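First to last, the sequence lines map onto chains S and W. So that you can map any letter, position 157 of the first sequence is 180 in my numbering, and since no number is skipped, the others follow by simple counting. So that you can map any letter, position 179 of the second sequence is 195 in my numbering, and since no number is skipped, the others follow by simple counting.
To be clear, the hints were calculated from the coordinates, so they are not data collected in a lab. Take the hints with a grain of salt, since some may be wrong.
Quick list of in silico lysine-lysine cross-link-like pairs, DSS-like style, CA-CA up to 30 Å [said to hold, decoys possible]:
(1) S:LYS42 <-> W:LYS158
(2) S:LYS42 <-> W:LYS21
(3) S:LYS42 <-> W:LYS188
Now the stretches of chain W that chain S is said to cover, found in silico as 3 or more residues with beta-carbon under 8 Å [as the list claims (entries may be wrong)]:
(4) 103-110
(5) 117-125
(6) 178-190
If you want the ones that stay clear, here's a sample from chain S, every Cβ over 10 Å from chain W, calculated [claimed, not checked]:
(7) LEU65
(8) ALA147
(9) LEU171
(10) GLN177
(11) LEU222
(12) MET228
Predicted model, so just to flag it, every value in this text is computed and none were measured. Glycine included, C-beta positions come from ideal geometry on N, C-alpha and C.
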Amino acid sequence: MGYYFDIDYIIRSLPLLGKGALMTIEVSAATILLSSIFALPLAFLRVSKNKYISGAMYYYVQVMRNTPTLIKIYIAYFGLPSLGVMLNPVAAGLLALVTDHIAYVVEIYRAGILSVGRGQVQAAKAIGLRNWQVNYHIVIPQAFIQSLPALGNQFVIAIKDSSLLVTISVMELTMVGNRMAEATGNSYEVFLVTALIYLVIITTMSLFLKTVEKKKRFTY
Amino acid sequence: MRRFKIVSFLTVSAFIMLLSGSFFPALAEQLEIEDIMKRGVLKVGIGTSVPGFCQRNPQGEIEGVDADIARMLAKAILGDEKKLELIPVTGAGRIPAVVTRQVDVVICNMTITPERALKAAFTSPYIDSGQLMLVRKDANAKSLEDLNKEGMKIAIFNAQFYIDIVSKHFPKAEQLVFESPGDCLLAVRSGRAHAMVHEFGAAKIIARDDSSLMAFDTLVSPPQHVGMLVNKEDVQWVYFLNTFIQELRYGILSGKYKAMVTKWIGAELQF
Chain S
24 MGYYFDIDYI IRSLPLLGKG ALMTIEVSAA TILLSSIFAL PLAFLRVSKN
74 KYISGAMYYY VQVMRNTPTL IKIYIAYFGL PSLGVMLNPV AAGLLALVTD
124 HIAYVVEIYR AGILSVGRGQ VQAAKAIGLR NWQVNYHIVI PQAFIQSLPA
174 LGNQFVIAIK DSSLLVTISV MELTMVGNRM AEATGNSYEV FLVTALIYLV
224 IITTMSLFLK TVEKKKRFTY
Chain W
17 MRRFKIVSFL TVSAFIMLLS GSFFPALAEQ LEIEDIMKRG VLKVGIGTSV
67 PGFCQRNPQG EIEGVDADIA RMLAKAILGD EKKLELIPVT GAGRIPAVVT
117 RQVDVVICNM TITPERALKA AFTSPYIDSG QLMLVRKDAN AKSLEDLNKE
167 GMKIAIFNAQ FYIDIVSKHF PKAEQLVFES PGDCLLAVRS GRAHAMVHEF
217 GAAKIIARDD SSLMAFDTLV SPPQHVGMLV NKEDVQWVYF LNTFIQELRY
267 GILSGKYKAM VTKWIGAELQ F
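Model the full assembly from the supplied sequences, consistent with the hints where possible.
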């Protein structure tokens, strides 16, 4: 008399799981894109020679890294309305997730930027390239490739963090899983399938990142 | 690429193996009351954010109708209210908690439905309940029809039962689904939602204590019986619990029961 694994139920629930998965993918993609894009200029601020600017960025990174993501999500959703700012659940969630992840991505980019040999920068300036040209042609391409492994890690974390948004009524995959498990008690199948779907999403993203890494390495 | 293919194939195979589920032996021995007495402590699965039934007080203890009944149960079996271990469970974790015997019984404001009864056994109801709408006064809604409008936001606990209620009564309203009734209440209090589906007795107490909220009198749910949940195998345990509940509601413990119900949820719904 083992555990009766109800495959039929899973197959019947696939549409609902699909909707949840779609929301998860949208939220994760938005977090990843927004944090990767906006972290780049912030990373240059972080490595700036001006110690006030880099200090301010350092302070921001420390605050974001040392506070739990879930608390930030609660602040964005339940806290901001008392200051008069009413964001819908997905917007509030993205605000919290992006400000959180930007901190980590800034540090990743910083490591990449610092890994570009000083000699190259000096040589480029010696032949007359201006600062923005040095950054654009020499520093950023190499820094980006160096950052890719760590970035991949951060993207995986971003996808998993999207599941925290269930606490603020975002109908994503984990919430659908919870509802299915609560309704039927088939918690084993439901959570296993939910985990599998996350696995598929994350593996797909990792594979994509891997091909990007391969291609970029050839061009330089 | 070949290594990736191999790794992913192995991972998927591992999952498929787990899917068969036949590696897990059934926990088929019945729980006997002597086992609880030998152990010396009663393990009860309970929620932590259902207002009126199982909520945390500022000291962090769980209190409410469910908590008090658990204490009375511990007193009845082991002679001492303190020989009780309250183990928090989530909505989705209630049935697994008894199936895997993490707890002896789940007392967590659980509505008796035939579908749930397929997986685990219910005792007879220890309280009758119904759901009504708890509404913000500034939502400009005077009746149930007013809530069925575009732009109305209704907070719902993430359970099919409540989602069905709202979809049926208020199809035009926007649904905000939260992971616990406590979160729904927080959403309504902070202005995130205009209304929520709430247990009728506790709703009236909340509306009485909070002047920004009001409770509509009309029930939006069919009559609900709330029962305890135990493992399907535990026949002897169910007999005992039913006896206990019978005396709790209508017999020698009924004085204490009525006082407790009045304290936490005002009054019991009479069907």
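Distance rule for S:ALA147, whose beta carbon must clear each one in chain W by more than 10 Å: Given that every Cβ of chain W is farther than 10 Å from that of S:ALA147, nearest at about 37 Å, it holds.
Non-interface claim for S:GLN177: all C-beta distances to chain W beyond 10 Å? The claim stands: S:GLN177 keeps its Cβ more than 10 Å from every Cβ of chain W (closest is about 21 Å).
Using a Cβ cutoff of 8 Å, are there at least 3 residues of the stretch 178-190 of chain W near chain S, or does the coverage claim fail? Violated: only 1 residues of the stretch 178-190 of chain W have a Cβ under 8 Å from chain S.
8 Å C-beta test of the stretch 117-125 of chain W against chain S, three or more residues: violated (count 0)
Just double-check S:MET228 for me: nearest Cβ-Cβ distance to chain W has to come out over 10 Å. The claim holds: S:MET228 sits with its nearest Cβ about 14 Å from chain W, beyond 10 Å.
So is S:LEU65 really clear of chain W, every C-beta pair being over 10 Å apart? Holds: least Cβ distance 31 Å, greater than 10 Å.
Does S:LEU222 clear chain W by more than 10 Å, comparing its Cβ with all Cβ atoms of that chain? violated (7 Å)
Given as non-interface: S:LEU171, partner chain W, CB spacing beyond 10 Å: holds (17 Å)
Is the straight-line distance between the alpha-carbon of S:LYS42 and that of W:LYS188 30 Å or less? At roughly 20 Å apart (the allowed maximum being 30 Å), W:LYS188 and S:LYS42 satisfy the hint.
Coverage assertion for the stretch 103-110 of chain W with respect to chain S, Cβ distance below 8 Å, three residues required: Contact hint for the stretch 103-110 of chain W vs chain S: holds, 5 residues under 8 Å.
Hint check: S:LYS42 vs W:LYS158, CA-CA at most 30 Å. Holds or violated? Given that 30 Å is the threshold and the Cα spacing comes to 34 Å, the pair is violated.
Going straight from one Cα to the other, do S:LYS42 and W:LYS21 come out at no more than 30 Å? Holds, at about 28 Å.
Going down the numbered hints, you'll see the structure goes against 1, 5, 6, 11, while the others check out.
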